[in-house]
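**Q** Spelled out from the first residue to the last, the chains are:
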Amino acid sequence: QSALTQPASVSGSLGQSITISCTGTSSDVGGYNYVSWFQQHPGKAPKLMIYEVTNRPSGISTRFSGSRSGNTASLTISGLQAEDEADYYCSSYTTGIRVVFGGGTKLTVL
Amino acid sequence: EVQLVESGGGLVQPGGSLRLSCVGSGFIFSNYWMSWVRQAPGEGLEWVANIKQDGSERNYVDSVKGRFTISRDNDKNSLYLQMNSLRADDTAVYFCARGRTLGYWGQGALVTVST
Numbered sequence: 001q002s003a004l005t006q007p008a009s010v011s012g013s014l015g016q017s018i019t020i021s022c023t024g025t026s027s028d029v030g031g032y033n034y035v036s037w038f039q040q041h042p043g044k045a046p047k048l049m050i051y052e053v054t055n056r057p058s059g060i061s062t063r064f065s066g067s068r069s070g071n072t073a074s075l076t077i078s079g080l081q082a083e084d085e086a087d088y089y090c091s092s093y094t095t096g097i098r099v100v101f102g103g104g105t106k107l108t109v110l
Numbered sequence: 111e112v113q114l115v116e117s118g119g120g121l122v123q124p125g126g127s128l129r130l131s132c133v134g135s136g137f138i139f140s141n142y143w144m145s146w147v148r149q150a151p152g153e154g155l156e157w158v159a160n161i162k163q164d165g166s167e168r169n170y171v172d173s174v175k176g177r178f179t180i181s182r183d184n185d186k187n188s189l190y191l192q193m194n195s196l197r198a199d200d201t202a203v204y205f206c207a208r209g210r211t212l213g214y215w216g217q218g219a220l221v222t223v224s225t
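Line by line, the protein sequences give chains H and F. Residue numbering for the first sequence follows my numbering, starting at 1 and increasing by one per position. Residue numbering for the second sequence follows my numbering, starting at 111 and increasing by one per position.
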């Protein structure tokens, strides 16, 4: 059960857009529609931002969007705001209804 | 309002045991898969285990197989994680999370394995 691959850090200026990638294999990201993205602020519990590749839970800003191409999923945040600065994790189902997370990406808003 | 509240964390010696609990409210507990996810200090998230609505299916990450047992009591809206043969690398905050999408999380319970 290898972790999914995410960049360790990304940065963007206020108002700009950024994209975080999450690379797996055909046994996880490329093979299941259960790909999710989570936001975590320091000392807080993770918060679901995107589920089933492209869906936003109720209450999540439309500035957050998800997509997938092959074995790589992506999270795009448009119109960056200061409160978007956080750690972001992707996850996917894998064989045997297990879950695997990415290593996490630290987003810095300049 | 959906709430998940973990309890049972603490300090335990290597080789010891601990049982975590998670009580859910604000939703029909028996309708959802439930999971445990952990986060070691300064590290990323690691999925630990999940359990089907009726408890008939349970899955574990390889590193805890044979040592940890996930269970649930739908009458008590409760999820459990029995942790045996604890090791230093099990030190983490343990979160319970609801559903196959992990849509709601508790605030976590800290487990420290140390002499």
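Hints are computed from structural coordinates only; laboratory data are not their basis. Treat each hint with caution, since some may be false.
Heads up, simulated DMTMM-like pairs for lysine to aspartate or glutamate below, C-alpha to C-alpha not over 20 Å straight-line [unchecked claim]: (1) Lys-44(H) <-> Asp-164(F); (2) Lys-106(H) <-> Asp-87(H); (3) Lys-47(H) <-> Glu-153(F); (4) Lys-186(F) <-> Glu-111(F).
**Q** Determine for every hint whether it applies to the structure shown.
**A** Cross-check of the supplied hints:
With a C-alpha separation of about 30 Å, the suggested pairing of Lys-44(H) with Asp-164(F) is violated against the 20 Å cut-off. Annotation: proposed proximity of Lys-106(H) to Asp-87(H) holds, straight-line Cα distance about 4 Å (limit 20 Å). For the proposed pair Lys-47(H) and Glu-153(F), the alpha carbon gap of about 17 Å is at most 20 Å, so the pair holds. Annotation: proposed proximity of Lys-186(F) to Glu-111(F) holds, straight-line Cα distance about 18 Å (limit 20 Å).
Checked against the numbered hints given earlier, the structure breaks only hint 1 and satisfies all the rest.
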